[in-house]
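Listed in order, the protein sequences are those of chains F and W.
For the first sequence, the positions run 674 to 1107 when this note's numbering is used.
For the second sequence, the positions run 7 to 565 when this note's numbering is used.
Hints may contain errors.
As the list claims (entries may be wrong) - Example chain W residues on the side facing chain F (calculated, C-beta under 7 Å, incomplete):
1. R147
2. G148
3. S232
4. N236
5. Y276
6. N391
7. R392
8. E393
9. G395
10. N486
11. S488
12. S494
13. K526
14. A534
15. V535
16. K538
Since the hints were derived computationally from the structure, they do not count as laboratory data.
Quick caveat: nothing in here was measured; it's all calculated off a predicted structure.
By construction, the Cβ of each residue, glycine as well, lies at the ideal position given by its N, Cα and C atoms.
Chain residues, written in single-letter form:
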Amino acid sequence: MMGLKRYATKMAATTAVAAGLMLSVSAHAAETIKVGVLHSLSGTMAISETTLKDAMLMLIEEQNKKGGLLGKQLEAVVVDPASNWPLFAEKARELIEKEKVSAVFGAWTSVSRKSVLPVFEELNNIMFYPVQYEGEESQRNIFYTGAAPNQQAIPAVDYLMSEDGGEAKRWVLAGTDYVYPRTTNKILEAYLMAKGVAKEDIMINYTPFGHSDWQTIVSDIKKFASEGKKTAVVSTINGDANVPFYKELANQGIEAEDIPVVAFSVGEEELAGLDTAPLVGHLAAWNYFQSVEADVNEEFISTWKKFIKDEDRVTNDPMEAHYIGFNMWVKAVEKAGTVDVDAVIDALPGITVPNLTGGMSTMLPNHHITKPVLIGEIQDDGQFDIVWETDGLVPGDAWSDFLPGSKDLKSDWVELNCGNYNVAEAKCLGAATN
Amino acid sequence: MGLPPSPKVAPSFYRTYVGVLMKRFILFYAFLPFLLLVSPLISQAETTDDIEVYVEVLKSKSTKQKTEAIQNIAKTGHVRAGLILEAFLGGKLYSLKENGAIVIINDAASDIEISNAISGEDLGVATKKQIKKLRINNKLRGVVKASLAELQLSHPDKEKRMAAALSKFKSAGSSDIPLLENAIASEENKSIKKILIEAKAAAELSSNDSAIQLAAIKIIEKRGDSQALNLLTQLSQSAENEQVKNEAKQAVGRVESSLALWDISQTLFYGLSLGSVLLLAAIGLAITFGVMGVINMAHGEMIMIGAYTTFIVQEVIRNSMPELFDASLFIALPLAFLITGLIGIGIERGIIRFLYGRPLETLLATWGVSLFLQQAVRSIFGPSNREVGNPSWMSGSFELGQMAITYNRLWIIIFSLGVLFMLMLAMKYTSFGLRMRAVTQNRKMAGSMGIKTGWVDALTFGLGSGIAGIAGVTLSQIDNVSPNLGQSYIIDSFMVVVFGGVGNLWGTLVGAMSLGVFNKFLEPAVGAVLAKILVLVLIILFIQKRPRGLFALKGRAVE
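Chain F on its own, in the form it takes in the complex (with noise of 0.2 Å):
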């Protein structure tokens, strides 16, 4: 009996023992889900990926506040690529093998974006890229809540041919030597050739990464303007060069009534190493600014401006899409009420979050989403004014409907299963997703 009662005892012991071990050890793996962070935080990139990283950090220090995920807490998992392209294949690889985070998000140019899409891919993951692109793509893996073409560009173009955009009938389409600014033109000329632009009247020029002599090119685009009708500029340029174009465009004395250039990549960030007074009335084409007129937008400002703890912080379009990607995988989770990769690439679609601007953006089947096209003025104090809007919310198309390889593709991940589903031909292109 006495063995038996001390066996019993020690038995309990061992039990509760064990028995607490087992709790904290399930409870240290399930204490926090784990969010990867891919943004150059030095390097080229970093002036405008180190920004990304700060909002992601504040959007999941916000979800923490609010309880955090499934009753978890989230972990944010930063790493740097270093705009370093192959280097973004590698830490997206050390984050989703090493780190198991449950998602991710990341990247700024086209090119890190191309180089990540293979490991996740493979490694089954989730990404959302938060930057406006050149579309021509859809990946079960990759979620795009930054603007398709038919998002930004070709709004855009429609504002200035109409008559409060001043009706424009001559193109200079400028841009960066990369892929993206090289689809857009393409998108772009086919469609400005579709309204009948001759050819003759569009001026398409390419320049380098981080060019800064624009003395030739600014004078080109006068001379081009100086042919008797009403000249546009669509300005693709990227990153650091943007300075020094302005520059030279305000020194040559080009003004916004005469020849406006309106912008694919320059938001309030750029603009923050800008004397804007000599640029006001030039235009930028977005879904977000950080003057839009909303509760939801001012609520947002003033976090953001206490979490980096710096007044003359501003926000831009690409923290608005984390803003919205981040709300609609933490909805996805809460809706599959798991991390699980593949519940959550199902549960995506369909699901829909409050953006800044006022309004609400769906996730569609195609891994886009819905938002809706603002054209803003420069202002002297380096903001937005935003002088036209749509009417209501642009669905993102992944395929453009104005280049010829691409006019017959569809994607949808929902009935089809496919990226790129070949209405014409009835079949599904699969792996080739480039």
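We have chain F; now place chain W onto it with these hints.
Leaving out everything else, chain W in the frame of chain F:
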């Protein structure tokens, strides 16, 4: 205007302050009807009502309605019509959210003082949340400028008359001819008169009388710039009269060929300007690499630190003595020289002196230093661009014939040549220059003559770095001030020094200028991307043929 105002005063004080303001507001609105009744009695009774109606339309969303309203405001001839339109143009016309009254603000920064647009009555201070901006776009800006021009053609201020004449030239239609004729008759300033005559001619191009048209073509052709070309091209396409059409076509041809000639000199200027930027970036390297033989990968970061010095100087000036802003560059120059020079001496004493004669190690070590400095600046100032303003004497451009010459580029050309010649003089005529040349030519001999070679090395490296620093001050005027600034210049700098001939400052000058001009003449033909590649390929070929560059040092010292 989602920006909440930033209260710089203590909260409690702020609250009472706002309270007082609110009281002032309430008082004012109580008297508003009275004011509106009285003010028409004071000024022109019949127009005030009209202008109020038209100004009200500016709140609408339709560009078309606003266009008409702007033209009507100008036509009322109201004393404040010009003022209202200028405020609208400058983004200073707002409406009060509370009651829709239209006000002019005088400052968008902190405390916004507002006044009634039509009466000019002072309405105290408002916060950003209480007012809403009346939207203007490019099209309306054009309309406003044209309407303002009408009002200001007889303005006593010469500059306003000039602006009005220029804007009339851009927008003149046949209905403006009598107005312009009046202005021409009363104008006494010659250059304004010339523009008015051209504006009248521009309006007459669309006349029905072919004789008037032909005379107008002559006047416009004389102007000879791209705007003239624009007008003439339009006419040559749209004219109905055959003679006019032909004459316009011929005028287009003549203007085009004269512009093509000007174009060559313009490209030459662009080339020299690019060359001067290359020269500035490379002079420092011509010392550290050219004279000392140190492959200094941190050279670009010295340029960057010079640019950040300018930023700090400008920040201090903006906050404490804004009237000194135009002199900011002169204050920044010696500071940047000192700071980067000291850093340079530090690098030489701390790292490079242990690595003389081991170029590969020097390269790697200085590259490490460059990464370290970049990240240090990124941590201190943040990754984003910093705003460095142009002083007024470096902004804008002037016309030389049909060439537009921007002031900042012109000053940079002058400045870069100045720096180069100062350096040459210093090397030739100062005792430090003599020692420096002695050490680099024959270290042992110099040492046995009693020269402290170690210190000469440190000071030489410091001099090279300091010059990179002042280059940074200048380059901050045309480029981004970001931690990456230096990287974009390092390759170009090496290219210039190697091409010009290592160890020769004249070579650096000729190398930089010829690369600049060559690049700019290639650019229109093959595009910026290909031009850069071609220049690089040609330099590689050139170095194959002449490994010591354009101006090779001769003699035993080279060995």
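Against the structure, the hints come out as follows:
1. R147: At about 5 Å, which falls below the 7 Å cut-off, the nearest Cβ of chain F leaves the hint on W/R147 intact, so it holds.
2. G148: holds (5 Å)
3. S232: holds (4 Å)
4. N236: holds (4 Å)
5. Y276: holds (4 Å)
6. N391: This hint holds: W/N391 lies near chain F, its Cβ roughly 2 Å from the closest one there, short of 7 Å.
7. R392: holds (6 Å)
8. E393: Holds, because the Cβ-Cβ distance from W/E393 to chain F comes to roughly 5 Å (cut-off 7 Å).
9. G395: holds (5 Å)
10. N486: holds (4 Å)
11. S488: Holds - the Cβ of W/S488 comes within 7 Å of chain F, reaching about 6 Å at its closest.
12. S494: holds (5 Å)
13. K526: holds (6 Å)
14. A534: Status holds, d = 4 Å.
15. V535: holds (5 Å)
16. K538: holds (6 Å)
The structure is consistent with each of the numbered hints, conforming to all of them.
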